[in-house]
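This is what each chain is made of:
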Amino acid sequence: MAVRQQYGKPPDGLDQHVVDTEAADVRGADHPPRDFPPYVGSRLRHPRRPPFPVRDPEAVELRGPVFGATDVGPLDHDLTAHHRGEPLGERVTVSGRIVDSGGRPVAGQLTEIWQANAAGRYAHQLDRHRAPLDPHFTGFGRCLTDADGRYSFTTVKPGAYPWQNHENAWRPAHIHFSLFGTAFAQRLITQMYFPGDPLLEYDPIFLSVPDEAARSRLVAAYDPRLSVPDWSLGYRWDIVLGGTSATTFEEGER
Amino acid sequence: MNQPTPSQTIGPFYGHALPFAGGEAMAPPGHPDTLTLHGHVYDGDGEPVPDALLEFWQPGPDGSRTGEPGSLGRNGVDFTGFGRVPTDASGHWTLRTLAPGGVPYLCVAVFARGLLHHLFTRVYLSEAPDPLLDSLEPELRRTLMAVADPAVRAHRFDIHLQGPKETVFLAFR
Ligand SMILES: [Fe+2]
Chain A
66 MAVRQQYGKP PDGLDQHVVD TEAADVRGAD HPPRDFPPYV GSRLRHPRRP PFPVRDPEAV
126 ELRGPVFGAT DVGPLDHDLT AHHRGEPLGE RVTVSGRIVD SGGRPVAGQL TEIWQANAAG
186 RYAHQLDRHR APLDPHFTGF GRCLTDADGR YSFTTVKPGA YPWQNHENAW RPAHIHFSLF
246 GTAFAQRLIT QMYFPGDPLL EYDPIFLSVP DEAARSRLVA AYDPRLSVPD WSLGYRWDIV
306 LGGTSATTFE EGER
Chain B
60 MNQPTPSQTI GPFYGHALPF AGGEAMAPPG HPDTLTLHGH VYDGDGEPVP DALLEFWQPG
120 PDGSRTGEPG SLGRNGVDFT GFGRVPTDAS GHWTLRTLAP GGVPYLCVAV FARGLLHHLF
180 TRVYLSEAPD PLLDSLEPEL RRTLMAVADP AVRAHRFDIH LQGPKETVFL AFR
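For the protein sequence lines, the chains are A and B, in the order given. Mapping of the first sequence onto our numbering: residues 66 to 319, in sequence order. Mapping of the second sequence onto our numbering: residues 60 to 232, in sequence order.
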């Protein structure tokens with residue numbers, strides 16, 4: 066009801082809309098609240114008004130951009146192959162499947178990742194952490210998912226790094242992921258973590274996800290079937306893009 | 060129903076990764092109908108946000124919503140419907156595009172350090188009848204309207220993440 070009061074009259078015929086809104090807010094516990102004071106950076110950067118619910122089969126956001134051959138290069142998925150030499154660190158293969166909330170594979174879509182090097186340093190001008198840069202590692206990759214929604218990257222395991230949120234705040238090792246579904250409304254940027262990392266239970270960004278089961282979906286699993294003999298350690302991380310698309314809207318899955 | 064993978068912040072260090080050359084150039088170079096949209100992103104203290112990333116998605120000028128591949132490697136001819144632009148050190152961004160066909164708005168996603176979950180909003184280029192605009196009080200509707208900025212032959216659209224001028228953000232259900 067709070068939503069209705071703050072925005073004035075609801076759109077025509079949307080009494081159901083208030084019910085939907087509140088139900089969706091409960092489902093919203095899958096995602097972090099934008100107002101999460103332990104993450105200091107969030108304090109001035111979250112809206113105070115709840116988002117305005119849009120339930121419109123004609124919304125342009127129910128479709129999204131498409132990507133193809135000219136968007137991704139042949140070596141973009143191998144972050145260890147972007148320089149003349151090999152980067153230092155533990156070589157890993159990170160692979161998984163991207164599906165929508167109905168379990169349909171997200172095929173032919175753009176997946177982008179970026180990360181710190183094995184010492185915990187980003188190849189970014191503003192990263193001042195006193196850990197060495199690796200001349201053989203930039204830490205950025207792209208690929209398109211296959212027909213079954215699968216992606217795969219070869220990289221090195223990133224190191225933990227300190228940040229200024231509070232004293233001795235260290236980010237657990239993580240890989241940033243940027244994902245597109247079939248709808249702009251399914252857009253997701255998130256982070257993948259590694260199993261057994263002792264820093265997870267201290268990290269306000271990881272802990273911003275209120276539900277423990279939801280948090281666990283951010284942690285990859287070691288998967289020996291993905292390991293490449295005498296070459297790399299395999300991690301599996303499957304991704305579900307929530308959010309409404311033209312298809313999920315029609316099938317009432319929202 | 061598969062439960063969604065939670066969102067996490069884009070963080071401060073995506074600059075060597077996500078922005079791409081021509082990300083702001085949605086209109087093919089030299090297109091006579093090119094429309095310039097620009098603005099700032101502000102935080103709750105009214106300070107500019109220098110590390111936000113904005114993404115835009117819109118129908119083609121013919122109203123097509125299928126998009127075209129090739130946003131990251133634009134071929135100079137196709138209109139892909141997708142643009143990506145980081146804010147600069149003063150929190151400012153500029154986009155060059157073509158007016159969308161069939162609807163008066165562009166879709167926007169806002170990412171930033173400090174934002175644990177991105178925000179959706181829309182830039183409206185005109186006050187045509189529209190289910191979303193029609194349902195908002197005038198004061199809120201104004202936060203979604205681009206305003207003509209004749210000094211630079213452009214339309215201006217500022218995004219306020221928090222505070223008295225807070226932009227209306229959207230959730231799709
Ligand atoms: Fe990071």
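Calculated from the structure, these hints are not laboratory results. Please note: incorrect hints may appear among the correct ones.
Non-contacting residues of chain B with respect to chain A, defined by C-beta distances greater than 10 Å in every case (computed) [said to hold, decoys possible]:
1) 61
2) 63
3) 67
4) 71
5) 86
6) 89
7) 92
8) 104
9) 124
10) 125
11) 151
12) 172
13) 206
14) 220
Far from chain B, some chain A residues (derived; all Cβ distances over 10 Å) [what the hints assert, rightly or not]:
15) 121
16) 156
17) 211
18) 256
For each label pair, taking beta carbons as the anchor points, the in silico distance ranges come out as [as the list claims (entries may be wrong)]:
19) A/296 x B/107: 29 to 35 Å
20) B/161 x A/286: 29 to 35 Å
21) A/278 x B/90: 47 to 53 Å
22) A/295 x B/91: 56 to 62 Å
23) B/190 x A/278: 20 to 26 Å
24) B/149 x A/102: 39 to 45 Å
25) B/121 x A/113: 37 to 43 Å
Beta carbons are placed, not taken as given, at the ideal position from N, Cα and C, and that holds for glycine.
Quick rundown of the hints versus the structure:
Residue 61 of chain B, annotated as away from the interface, has a beta carbon of chain A within 10 Å; the closest lies near 4 Å. Once the 10 Å rule is applied to beta carbons, residue 63 of chain B is inconsistent with being away from chain A; the minimum gap is 3 Å. Against the 10 Å criterion, residue 67 of chain B falls within the reach of chain A, whose nearest CB is about 4 Å from its own CB. The Cβ of residue 71 of chain B sits about 6 Å from the closest Cβ of chain A, inside the 10 Å cut-off, so the non-interface label is violated.
At roughly 15 Å, the least C-beta separation between residue 86 of chain B and chain A is larger than 10 Å, which holds for a residue marked as non-interface. No beta-carbon of chain A is positioned within 10 Å of the beta-carbon of residue 89 of chain B; the least distance is around 20 Å. Taking the minimum C-beta to C-beta distance to chain A, about 19 Å, the non-interface status of residue 92 of chain B holds against the 10 Å cut. A beta-carbon of chain A is positioned within 10 Å of the beta-carbon of residue 104 of chain B; the least distance is around 6 Å.
Look at residue 124 of chain B: its CB is around 4 Å from the nearest CB on chain A, not clear of 10 Å, so calling it non-interface is violated. Taking the minimum C-beta to C-beta distance to chain A, about 7 Å, the non-interface status of residue 125 of chain B is violated against the 10 Å cut. A cut-off of 10 Å between C-beta atoms confirms that residue 151 of chain B is not in contact with chain A; the least separation is 17 Å. The non-interface label for residue 172 of chain B is inconsistent with chain A: the shortest C-beta to C-beta separation is roughly 6 Å, within 10 Å.
At the 10 Å boundary, the C-beta of residue 206 of chain B stays outside the reach of chain A, the nearest C-beta of that chain being 20 Å off. Residue-level check failed: residue 220 of chain B sits 5 Å from the nearest beta carbon of chain A, not beyond 10 Å. With a least CB separation of 5 Å from chain B, residue 121 of chain A falls inside the 10 Å interface cut-off, contrary to its annotation. Against the 10 Å criterion, residue 156 of chain A stays outside the reach of chain B, whose nearest CB is about 20 Å from its own CB.
With a minimum CB-CB distance of about 16 Å to chain B, residue 211 of chain A clears the 10 Å threshold, and the non-interface call stands. The Cβ of residue 256 of chain A does not lie farther than 10 Å from every Cβ of chain B; its closest approach is about 4 Å, which violates its non-interface assignment. Between residue 296 of chain A and residue 107 of chain B the CB atoms are about 46 Å apart, so this pair departs from the stated range of 29 to 35 Å. Separated by about 45 Å at the C-beta atoms, residue 161 of chain B and residue 286 of chain A break the suggested range of 29 to 35 Å.
A beta carbon spacing of about 49 Å between residue 278 of chain A and residue 90 of chain B agrees with the range 47 to 53 Å that was offered as a hint. For the pair residue 295 of chain A and residue 91 of chain B, the beta carbons lie near 59 Å from each other, so the given range of 56 to 62 Å is met. Roughly 36 Å separates the CB atoms of residue 190 of chain B and residue 278 of chain A, a value that falls outside the hinted 20 to 26 Å. The hint said 39 to 45 Å for the Cβ distance between residue 149 of chain B and residue 102 of chain A, and at roughly 28 Å that hint is violated.
Between residue 121 of chain B and residue 113 of chain A, the C-beta spacing of about 39 Å keeps the proposed range 37 to 43 Å intact.
This entry does not satisfy hints 1, 2, 3, 4, 8, 9, 10, 12, 14, 15, 18, 19, 20, 23 and 24, going by the numbered hints stated previously.
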